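S.K.: Residues per chain, in single letters:
There are 2 protein chains.
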Amino acid sequence: MFDPLLLPELREMLLENDEPAMREFCDVFHAGVIAETLEALTNDEIWRVLLQAGLSRQVEIFEYISLQRQTELVTCLDKPHLSTLLEVMAPDDRADLLQNMVPEHVESLMPLIAQAQRSDIRKLLSYPDHSAGSIMTTEYASLREGLSVAEALAQLRTQAPNRETIYYLYVLDEARHLHGFVSLRKLILARPETPVADIMDRDVISVRVDEDQELVANRMAKYDFIAMPVVDDQGRLVGIVTHDDVIDVLREEATEDAHRFGGVLPLEDSYLSTPFVELAWKRGVWLVLLMVAGFGTAGVLNYYDGVTANLEWLVKFLPLVLASGGNTGSQSATLVIRALALGELNRKAQFHILRREAATGFVLGGSLAVLAFVFAMMYGPVMDAVIVAVTIALVVTLGTINGSLLPMILRSLGMDPAIMSNPLIASLSDMLGVLIYYNVALLAVGRLF
Amino acid sequence: MFDPLLLPELREMLLENDEPAMREFCDVFHAGVIAETLEALTNDEIWRVLLQAGLSRQVEIFEYISLQRQTELVTCLDKPHLSTLLEVMAPDDRADLLQNMVPEHVESLMPLIAQAQRSDIRKLLSYPDHSAGSIMTTEYASLREGLSVAEALAQLRTQAPNRETIYYLYVLDEARHLHGFVSLRKLILARPETPVADIMDRDVISVRVDEDQELVANRMAKYDFIAMPVVDDQGRLVGIVTHDDVIDVLREEATEDAHRFGGVLPLEDSYLSTPFVELAWKRGVWLVLLMVAGFGTAGVLNYYDGVTANLEWLVKFLPLVLASGGNTGSQSATLVIRALALGELNRKAQFHILRREAATGFVLGGSLAVLAFVFAMMYGPVMDAVIVAVTIALVVTLGTINGSLLPMILRSLGMDPAIMSNPLIASLSDMLGVLIYYNVALLAVGRLF
Chain A
159 MFDPLLLPEL
169 REMLLENDEP
179 AMREFCDVFH
189 AGVIAETLEA
199 LTNDEIWRVL
209 LQAGLSRQVE
219 IFEYISLQRQ
229 TELVTCLDKP
239 HLSTLLEVMA
249 PDDRADLLQN
259 MVPEHVESLM
269 PLIAQAQRSD
279 IRKLLSYPDH
289 SAGSIMTTEY
299 ASLREGLSVA
309 EALAQLRTQA
319 PNRETIYYLY
329 VLDEARHLHG
339 FVSLRKLILA
349 RPETPVADIM
359 DRDVISVRVD
369 EDQELVANRM
379 AKYDFIAMPV
389 VDDQGRLVGI
399 VTHDDVIDVL
409 REEATEDAHR
419 FGGVLPLEDS
429 YLSTPFVELA
439 WKRGVWLVLL
449 MVAGFGTAGV
459 LNYYDGVTAN
469 LEWLVKFLPL
479 VLASGGNTGS
489 QSATLVIRAL
499 ALGELNRKAQ
509 FHILRREAAT
519 GFVLGGSLAV
529 LAFVFAMMYG
539 PVMDAVIVAV
549 TIALVVTLGT
559 INGSLLPMIL
569 RSLGMDPAIM
579 SNPLIASLSD
589 MLGVLIYYNV
599 ALLAVGRLF
Chain B
159 MFDPLLLPEL
169 REMLLENDEP
179 AMREFCDVFH
189 AGVIAETLEA
199 LTNDEIWRVL
209 LQAGLSRQVE
219 IFEYISLQRQ
229 TELVTCLDKP
239 HLSTLLEVMA
249 PDDRADLLQN
259 MVPEHVESLM
269 PLIAQAQRSD
279 IRKLLSYPDH
289 SAGSIMTTEY
299 ASLREGLSVA
309 EALAQLRTQA
319 PNRETIYYLY
329 VLDEARHLHG
339 FVSLRKLILA
349 RPETPVADIM
359 DRDVISVRVD
369 EDQELVANRM
379 AKYDFIAMPV
389 VDDQGRLVGI
399 VTHDDVIDVL
409 REEATEDAHR
419 FGGVLPLEDS
429 YLSTPFVELA
439 WKRGVWLVLL
449 MVAGFGTAGV
459 LNYYDGVTAN
469 LEWLVKFLPL
479 VLASGGNTGS
489 QSATLVIRAL
499 ALGELNRKAQ
509 FHILRREAAT
519 GFVLGGSLAV
529 LAFVFAMMYG
539 PVMDAVIVAV
549 TIALVVTLGT
559 INGSLLPMIL
569 RSLGMDPAIM
579 SNPLIASLSD
589 MLGVLIYYNV
599 ALLAVGRLF
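Here the protein sequences line up with chains A and B, keeping their order. Residue 412 in my numbering sits at position 254 of the first sequence, and the numbers go up by one each step. Residue 200 in my numbering sits at position 42 of the second sequence, and the numbers go up by one each step.
Hints should not be assumed to be uniformly reliable.
Pairs count within a copy or across copies, as identical chains cannot be separated in the list.
Once the Cα atoms are required to be at most 30 Å apart in a straight line, the calculated BS3-like pairs of lysine-lysine come out as [claimed, not checked]: (1) Lys-281 x Lys-237; (2) Lys-440 x Lys-506; (3) Lys-440 x Lys-237; (4) Lys-281 x Lys-380; (5) Lys-344 x Lys-380.
Please keep in mind that the hints were generated in silico from the structure rather than gathered at the bench. Computed from a predicted model, the values in this text were never measured in an experiment.
Kindly produce the complete structure, drawing on both the sequences and the hints.
M.R.: Listed below in structure tokens is the structure:
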């Protein structure tokens, strides 16, 4: 397991240029632990250590290094060595790395890479971001239907060394159409002479190569697979998405949704490694938009200038009234956006949800109105408290409806519902809140607006 | 794969009481697909279909049914049958189900369950919620160090039928101390006479049984395991957490964090299946708290009554000023909370983050102040615009610092940083915003407060 003492030891090896020790270091520990320790060194030092290991071990460790650091590291390596490294890398990790590199650098490398890997790279790079194709690997184990268990195991042994997972074997015909799959567990347990056809699963759950990675994650979560086959529109197997990639997708999507919902354009890298200017920009864009909305609210208040002058006490409760709408709206939006992300809401459920949210809003609005009435009585006359309470009831009910409706509208327009961010809902609800508050007040004091 | 036509077909089988067809239905499709289809039926109908299948297949399908529905289903089954079902279920799924059942029902079942399973149940139920122990299973494959590959494979074949995963074999001594592990891939590729000790990994990455499930998920994500061993404080293997459980944990934790951050107490079940009253309560608790905070802000405004009377124009920009602080605060909180959840921020990084957030706030505050100045000029004199701009600069900078600082403080107090919800940050920032706004105005008009 990760040991904080590894780093000083490693630094000493580098100082003494103790190559046998470095070689041993690369062999003994888990590749992930080694990568973690290496990341604290300079790029040159990392290569000095890594190059002590055999090529396949080099690649294994390299694949655990963060993508951003990988991109830096490849610039320090001569092209022949780099192209060998790329040839051995897992296709999906390789595609991720190449996508992150300077395009000119990639193009200058391509001629040095073997034909088979080159066309694999071109293929994987052609799938759009966030599609099943963009996260899959092309290294899967496959076999023909006619084999026996013993033959299948023998064939698997020849495929195994360079397959990402050998725990599922996909049964294909000559045109690579997917007919079924068999787990290694079943093969191990079956008698050697059993035909694979007798024990394979024919009800294969797969995804199309152009489907969204979130769908892949939801389906993997539902069916508990180690890997999910990816097929083209003809039903031909083109790759697999493995459990570890799905975990990455889930973390990535949860982070993106959280960022969007918090009013930040999603970051490409981790929070820590995002440059200052990029971070400021990704927040600034939203803040400027929200400020424009804020000036809309200022415009509304400007319009009601005369009311403020006559009913000055309204100001006291203004932040409270606006916050109540924003808070319930953001609650509803959170619940709906998260349920949509988990694939829980189909079209039929949406109407049900909307009715239920409206009812919840009504109940919450009523209860908060009572509370607000009691509080407001402490600051002024009954009439003022009535105005505040009625406004709260309306603002909360409408906030709930807006908060749940807007993400669903966005989803049905084919947009990501999570862009209905918390601050945006709060801003919209501010404007609506001012309108309701002032009109309730005007109605109550008998001057219909 | 899931087929919407399965349900009408199944209903017809039930109508005609076509038992052979039901049996075939339970055999042909993926257990997850069957479970999904069954959930549309009544509890009695589900059992009529399920009981056609053999016991192990019944359990396989049953385990894919949602926990809530499982809890309903067990109440319709006689105790002897139910105890048999429980005996065959996977230990982790069984523990989840029992935890969800009425305690009296569980206790009345216990005597009917075989001794070995009974003590396994007691053990698993004793681990606290959200701990590694609460999500692990006790069905792992293990072996002694002295064996050869051929012997290990033979032993695995006897263990395999009732082990959750057989793709990692854990190497234990007599006291069950974990010494290493070997993957089935390595066993398949090695020569039969090779000693397991020669090919096993000795740098085992594990978690302690009382560690948080989020840590398990983060470690699995980092090292790409199919399963992670769980050890007690003596280093003895007590269970494993498998990839599918980690996917569930990630989805659950992301949902909880989103709910908390949106100002809703985390739901136990899915959004759709949470009862109305529970949902209203879990939102209402927060809303009441936030309303109290809102009345705090009203109190501050009440205190500055005289200022509002003299500088009535301040009101126009009040929502804008308060929203600016809330928006930047919630951005910062989102970024920090998410980075903490992903395990990206250690103690050293926290100071760095705080400095960077303050700098970001300064830059964003400055830019927004300029924008606000230009906008505000459209509504009034230069002096008013200056007051608004200076307030925005201060509120935004402080909002950034608060938004990033508060989650870190909560974390260092051992609390979940995600309870620093968006609405709570907005509320705190409202009160601070009013104080800053009015004092800047008082300063500017030359009457020091």
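S.K.: Using 30 Å as the alpha-carbon threshold, which applies to Lys-440 and Lys-237: within, between, both, or neither?
M.R.: neither (35 Å within a copy, 59 Å between copies)
S.K.: How would you label the pair Lys-344, Lys-380 (within, between, both, or neither) given a Cα cut-off of 30 Å?
M.R.: Result: close both inside a copy and across copies, 21 Å intra and 29 Å inter.
S.K.: At 30 Å max between alpha carbons, let me know whether Lys-281 reaches Lys-380 within a copy, between copies, both or neither.
M.R.: both (29 Å within a copy, 27 Å between copies)
S.K.: State whether the alpha carbon distance between Lys-281 and Lys-237 is at most 30 Å within one copy, between copies, both, or neither.
M.R.: within (22 Å within a copy, 57 Å between copies)
S.K.: Under a CA distance limit of 30 Å, which applies to Lys-440 and Lys-506: within one copy, between copies, both, or neither?
M.R.: Close across copies (25 Å), not inside one copy (36 Å); limit 30 Å.
In summary, the one numbered hint that this structure violates is 3.
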